[in-house]
Amino acid sequence: MKRIFTLIFCLIMTIGLSQSKQIQIEFIGNCGLHMTDGTTNFYIDFPYKSGAHGYMEFNDSELDSIQENSIFIFTHNHSDHYSKKNLKKVMKNKGGQTYGVSNISELEKLGESIENFEIQAFKTDHTVFGISFRHYSYLITWHNKKIYLSGDTTEPETLSQMEEIDLAFVPYWILKNAKDQNITIDAKMFAIYHLYPEQIPSAKENWGEVENIRPMVEQGEIITIELETD
25 MKRIFTLIFC LIMTIGLSQS KQIQIEFIGN CGLHMTDGTT NFYIDFPYKS
75 GAHGYMEFND SELDSIQENS IFIFTHNHSD HYSKKNLKKV MKNKGGQTYG
125 VSNISELEKL GESIENFEIQ AFKTDHTVFG ISFRHYSYLI TWHNKKIYLS
175 GDTTEPETLS QMEEIDLAFV PYWILKNAKD QNITIDAKMF AIYHLYPEQI
225 PSAKENWGEV ENIRPMVEQG EIITIELETD
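The numbering used here numbers the first residue of the sequence shown as 25 and each following residue consecutively.
The reader is advised that the hints may include incorrect statements.
To be verified - Taking lysine to any residue pairs in the SDA-like style, the calculated list, with each CA pair at most 20 Å apart, reads:
#: 1; residue 1: Lys-113; residue 2: Thr-148
#: 2; residue 1: Lys-169; residue 2: Glu-187
#: 3; residue 1: Lys-113; residue 2: Asp-88
#: 4; residue 1: Lys-109; residue 2: Leu-134
#: 5; residue 1: Lys-170; residue 2: Lys-118
#: 6; residue 1: Lys-170; residue 2: Thr-148
#: 7; residue 1: Lys-212; residue 2: Gln-223
#: 8; residue 1: Lys-112; residue 2: Lys-133
#: 9; residue 1: Lys-170; residue 2: Lys-116
#: 10; residue 1: Lys-169; residue 2: Asp-88
#: 11; residue 1: Lys-118; residue 2: Ser-129
#: 12; residue 1: Lys-228; residue 2: Glu-50
#: 13; residue 1: Lys-116; residue 2: Gln-91
#: 14; residue 1: Lys-113; residue 2: Thr-151
#: 15; residue 1: Lys-169; residue 2: Lys-113
Don't read these hints as lab results, they were simulated from the structure.
Predicted, not measured: the structure shown is a model, and the values here were computed from it.
With the sequences and hints as input, model every part of the structure.
Rendered as structure tokens:
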């Protein structure tokens with residue numbers, strides 16, 4: 025009986041989200057996001073290795089809660105963004121599709137199979153200790169809403185060339201570099217992610233009251249993008 029109730033509850037939640045005409049984006053940790061319109065589920069830079077390089081940890085229950093047959097998109101293969109072990113476990117139990125630096129051309133064709141969806145990949149710089157790693161940032165256009173995912177890149181130039189971005193997920197150094205280089209970014213809202221735990225207090229202090237900047241400091245918090253109704 026309990027199992028039947030759970031199934032009914034999940035069905036009601038799915039139908040409710042679909043009818044509400046929203047995109048919901050849950051912050052999992054680091055650059056890890058769960059994005060859904062109630063029909064299609066995307067996981068960005070997740071699963072990663074919990075606590076890698078001193079960044080955010082997550083409970084095993086987070087892996088168990090991943091939706092079946094989801095689409096997993098990775099900006100690059102560093103362990104604070106990607107875990108081969110965790111992804112293998114999820115794919116075995118949940119199924120799905122995986123995209124990243126090795127199959128960008130296939131990723132950009134997703135719009136052919138998903139309604140009202142397009143993704144563009146941009147090769148962007150990610151240099152650590154003088155070594156350049158393969159890294160992509162993404163512009164998603166979904167239900168006519170533009171969402172930019174910077175990952176670990178330090179470049180504000182790529183984002184600055186885009187117009188009318190609804191929501192840009194960027195690490196704090198993107199905004200700092202843009203300010204230092206006098207670069208203007210056309211985005212309605214910024215979500216600051218990929219913070220070390222010790223950076224959270226200063227992030228709240230610096231951006232907590234800024235209208236168009238939202239520091240992602242609480243794992244599990246959700247950003248909702250309202251969609252236009254007919």
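Given pair status - Glu-187, Lys-169, alpha carbons within 20 Å: Roughly 12 Å between the alpha carbons, so the hint for Lys-169 and Glu-187 holds.
Pairwise hint evaluation, Glu-50 against Lys-228, where the allowed Cα distance is 20 Å at most: Given that 20 Å is the threshold and the Cα spacing comes to 18 Å, the pair holds.
Restraint check for Lys-170 with Thr-148, where alpha carbons must lie at most 20 Å apart: Between Lys-170 and Thr-148 the Cα gap is close to 18 Å, so the pair holds against 20 Å.
Satisfaction of hint between Lys-133 and Lys-112, Cα-Cα up to 20 Å: violated (23 Å)
Agreement of Lys-113 and Thr-148 with the hint, judged by alpha carbon distance not exceeding 20 Å: Status violated; Cα separation ~29 Å.
Restraint status (C-alpha distance of Lys-118 to Ser-129 at most 20 Å): violated (24 Å)
Pairwise hint evaluation, Lys-118 against Lys-170, where the allowed Cα distance is 20 Å at most: violated (28 Å)
Holds or violated: Lys-113 to Thr-151, with C-alpha atoms at most 20 Å apart: violated (30 Å)
Hinted pair Lys-109 and Leu-134, Cα distance within 20 Å: Violated: Lys-109 and Leu-134 sit about 25 Å apart, past 20 Å.
20 Å Cα cutoff - pair Lys-169, Lys-113: violated (32 Å)
Restraint status (C-alpha distance of Lys-116 to Gln-91 at most 20 Å): holds (13 Å)
Proposed proximity, Lys-116 with Lys-170 (alpha carbon, max 20 Å): violated (32 Å)
The earlier numbered hints that this structure contradicts are 1, 4, 5, 7, 8, 9, 10, 11, 14 and 15.
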